[in-house]
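K.L.:
From first to last, the protein sequence lines stand for chains G and E.
The end of the first sequence is residue 470 by the working numbering, with every number in the run present.
The end of the second sequence is residue 203 by the working numbering, with every number in the run present.
It is worth saying that the hints were derived from the structure and are not from the lab.
You may find that some hints are simply not true.
Within a straight-line C-alpha distance of at most 20 Å, the following computed SDA-like cross-link-like pairs (lysine to any residue) qualify [stated by the list, open to error]:
| # | chain 1 | residue 1 | chain 2 | residue 2 |
| --- | --- | --- | --- | --- |
| 1 | G | 193 | E | 97 |
| 2 | G | 100 | G | 144 |
| 3 | G | 41 | E | 28 |
Calculated Cβ distances over 12 Å to all of chain E for the following chain G residues [unchecked claim]:
| # | residue |
| --- | --- |
| 4 | 18 |
| 5 | 20 |
| 6 | 119 |
| 7 | 122 |
| 8 | 239 |
| 9 | 362 |
| 10 | 363 |
| 11 | 391 |
| 12 | 407 |
| 13 | 416 |
| 14 | 436 |
None of the values given here were measured: they were computed from a predicted structure.
The beta-carbon is built from N, C-alpha and C at its ideal position, and this holds for glycine as well.
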Amino acid sequence: MTGASREAFDRRVDSALGDPVLQEVISSGQDYMQALQEQAKAELDWPAWLDAVEAVRSHTIAHLDFYAAQFADNVERLGGRVCFAADAAEAREYVAALVKRKGAKLVVKSKSMVSEEIGLNRALEEAGAEVVETDLGELIVQLAGERPFHIVAPAAHKSLAQIRDLFSTMAGEELAADAGVLTTFARHVLREKFLTADIGISGCNFGVAATGTVVLVTNEGNGRMTTTLPQTHVVVMGVERLVPDLQSLEPILAVLPWAGAGERITAYVTAITGPRRPGDGDGPEELHVVLVDNGRSSILGSKYEKILHCIRCGACLDACPVYRKIGGHAYDCAYPGPIGAVLSPLLDGLERHPELPFASSLCGACSEVCSARIPLADYLLELRADAVAAGGGSASWTAGFRGFAEATRRPRAWALGERVAKVALRPFERHGSVRWGPGLLGLWTRSRDFPPWARRSFRELWRSRRPSGS
Amino acid sequence: MNRAAFLARLRRPPGADQRGVPVAPRPRVQRPPLGDAQRLSLFAARLKALGVVVEESATLDAARLAVERLCDARGWARIACAPSLRWPGIRDRWVEDARDAQFGLSAAACGVAGTGTVVLRHGGAARRGYSLLPPVTGFFVYRPDIVDSLGDVLRTLAAETTALPPCITFVSGPSNTADIAGVRCVGVHGPGEVFVWVIACGE
Ligand code: SF4
Numbered sequence: 001m002t003g004a005s006r007e008a009f010d011r012r013v014d015s016a017l018g019d020p021v022l023q024e025v026i027s028s029g030q031d032y033m034q035a036l037q038e039q040a041k042a043e044l045d046w047p048a049w050l051d052a053v054e055a056v057r058s059h060t061i062a063h064l065d066f067y068a069a070q071f072a073d074n075v076e077r078l079g080g081r082v083c084f085a086a087d088a089a090e091a092r093e094y095v096a097a098l099v100k101r102k103g104a105k106l107v108v109k110s111k112s113m114v115s116e117e118i119g120l121n122r123a124l125e126e127a128g129a130e131v132v133e134t135d136l137g138e139l140i141v142q143l144a145g146e147r148p149f150h151i152v153a154p155a156a157h158k159s160l161a162q163i164r165d166l167f168s169t170m171a172g173e174e175l176a177a178d179a180g181v182l183t184t185f186a187r188h189v190l191r192e193k194f195l196t197a198d199i200g201i202s203g204c205n206f207g208v209a210a211t212g213t214v215v216l217v218t219n220e221g222n223g224r225m226t227t228t229l230p231q232t233h234v235v236v237m238g239v240e241r242l243v244p245d246l247q248s249l250e251p252i253l254a255v256l257p258w259a260g261a262g263e264r265i266t267a268y269v270t271a272i273t274g275p276r277r278p279g280d281g282d283g284p285e286e287l288h289v290v291l292v293d294n295g296r297s298s299i300l301g302s303k304y305e306k307i308l309h310c311i312r313c314g315a316c317l318d319a320c321p322v323y324r325k326i327g328g329h330a331y332d333c334a335y336p337g338p339i340g341a342v343l344s345p346l347l348d349g350l351e352r353h354p355e356l357p358f359a360s361s362l363c364g365a366c367s368e369v370c371s372a373r374i375p376l377a378d379y380l381l382e383l384r385a386d387a388v389a390a391g392g393g394s395a396s397w398t399a400g401f402r403g404f405a406e407a408t409r410r411p412r413a414w415a416l417g418e419r420v421a422k423v424a425l426r427p428f429e430r431h432g433s434v435r436w437g438p439g440l441l442g443l444w445t446r447s448r449d450f451p452p453w454a455r456r457s458f459r460e461l462w463r464s465r466r467p468s469g470s
Numbered sequence: 001m002n003r004a005a006f007l008a009r010l011r012r013p014p015g016a017d018q019r020g021v022p023v024a025p026r027p028r029v030q031r032p033p034l035g036d037a038q039r040l041s042l043f044a045a046r047l048k049a050l051g052v053v054v055e056e057s058a059t060l061d062a063a064r065l066a067v068e069r070l071c072d073a074r075g076w077a078r079i080a081c082a083p084s085l086r087w088p089g090i091r092d093r094w095v096e097d098a099r100d101a102q103f104g105l106s107a108a109a110c111g112v113a114g115t116g117t118v119v120l121r122h123g124g125a126a127r128r129g130y131s132l133l134p135p136v137t138g139f140f141v142y143r144p145d146i147v148d149s150l151g152d153v154l155r156t157l158a159a160e161t162t163a164l165p166p167c168i169t170f171v172s173g174p175s176n177t178a179d180i181a182g183v184r185c186v187g188v189h190g191p192g193e194v195f196v197w198v199i200a201c202g203e
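Kindly generate the complete structure, drawing on both the sequences and the hints.
P.N.:
Have a look at this one:
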């Protein structure tokens, strides 16, 4: 890890830790979601549904070439067009060229993590279009000039007062700090945008290969507006987001709303199969599907393949104790939280996000809650090993752990070390834990607790309790 | 990138030939089937929990009367729905374009008891906008068309031999968001109020 990236990461972490409002918002959000997810586990045969999700996802990824071809064939058979984008640049270029060709002045977007991943908005603005995010959370972060904070709730970190200020600036007048008032304001402003937009861009929760169907799982209705009112609909999706057929959606639709939003089902599940047909009263004339690889194919067949099983439910963020403290922006990537700490280095390269595999306590809470049974904590550990193997580890860190390993192999050295540590650590103790120190101790305590050395070691206790003579 | 090169990168192991048509797994989580009365009461209970107003009507005419009463009580003059769903009773209030309508009415293809969902098949005159653009929307659902679970609907759709309609929407309650400070608000983009009339007999 380079010093500069580590320092930048530390600054982002410090800024989150120093914000008491943010700390409160994240903790209460996590507690709320965890309570709702527990309800699901009581209502459903949760392990059986997770088995089913895992079976569908692993089958699909094992045959991704087949299903991607079948999906593309069916989209095209129904009159849609498919762009096969090898990387972010190709995806951006395709959509930007479409914007130019159509002379589009206004583009409305419903939530799409992939468009965040590929930096689509900037490219479309450079192509001359105004781009308006219409998911309320996405709109809030767009107005604030920020990245999404959470993959399901992008503005989870914003207080009512902050949102009121952002919307008031947009309105050109002071709005009340009332969620109902602000929602009504957004409805009026965005309705006008929907009705006048030239192009609607959506993500895709799942593409159904057997029918060429694009499935969107939403609560607000902006996804329906985006895919109904503009004359051109563009779907931007990661190529791994396919399922074989409609039946394969059953376990995913049983698990995703509970895990992502704590509800049995979202207000809308929309299944779009091709553009408007002759005689249809509404719907877009044109449908374009941009299938994005952007690093996914290099994960296929690797030890990290299961990360492609992700259904983007966000449950790992809601369970993660590190996310709870540092929030989504500390990760500085399109996908925050445990999923982002694994996926972003795999998509963008470890050298771009060297700190992310280390942004974890490895407690395993993410793996435990994962809707797709992805071994996230194991992957984080593997990525750390990869980072060190690639020369990204800190020399003092490596030397420190070598010394530790040596000491554990030599009982006498260990006993001596214990005696020295007991005395040597005392000056660094504050409020019941070691807070700072030189060298490796300083590195460790910068972001972790270090308990004070026990007054009596295990071996001393053992000796004192052993019956005499044994 | 061209299609062939793109797909070749997705082959596992890389470069391997395509290995025939894969057989998709069919994992099923068994749930005991619901009886008729149980299904209806679960459907209504789930809808109500989502904030939907549910009424049972003995016949289509009775449901139409219920709609008329609602429209009169609210003073609605512009009601959007497909021509095939209209009736003479409120002849002067039908509008084609849902954008300015005060109420939109749609016929559901079926209902799902387990989730409180109405399923809409769009295409032709059955516009997507009727259930999306007006501030209030309503659905007619025939009681025999209510099924236990989403899985039942998905299996039925998968068995259809013709192409799916251009859009199918599963609607479960009003348009809503909790993106503003975690407070749940309805009617953010789509309808904030939803009515369902369950009609006892099939037509
Ligand atoms: S990694 Fe697992 S828990 Fe996290 S978003 Fe993906 S499916 Fe959900």
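K.L.:
Each of the hints needs a verdict: does it hold here or not?
P.N.:
Do the hints match the structure? See the list:
no. : hint          : result
1   : G:193 x E:97  : holds (18 Å)
2   : G:100 x G:144 : violated (27 Å)
3   : G:41 x E:28   : holds (17 Å)
4   : 18            : holds (21 Å)
5   : 20            : holds (16 Å)
6   : 119           : holds (18 Å)
7   : 122           : holds (22 Å)
8   : 239           : violated (7 Å)
9   : 362           : holds (29 Å)
10  : 363           : holds (25 Å)
11  : 391           : holds (27 Å)
12  : 407           : holds (44 Å)
13  : 416           : holds (52 Å)
14  : 436           : holds (37 Å)
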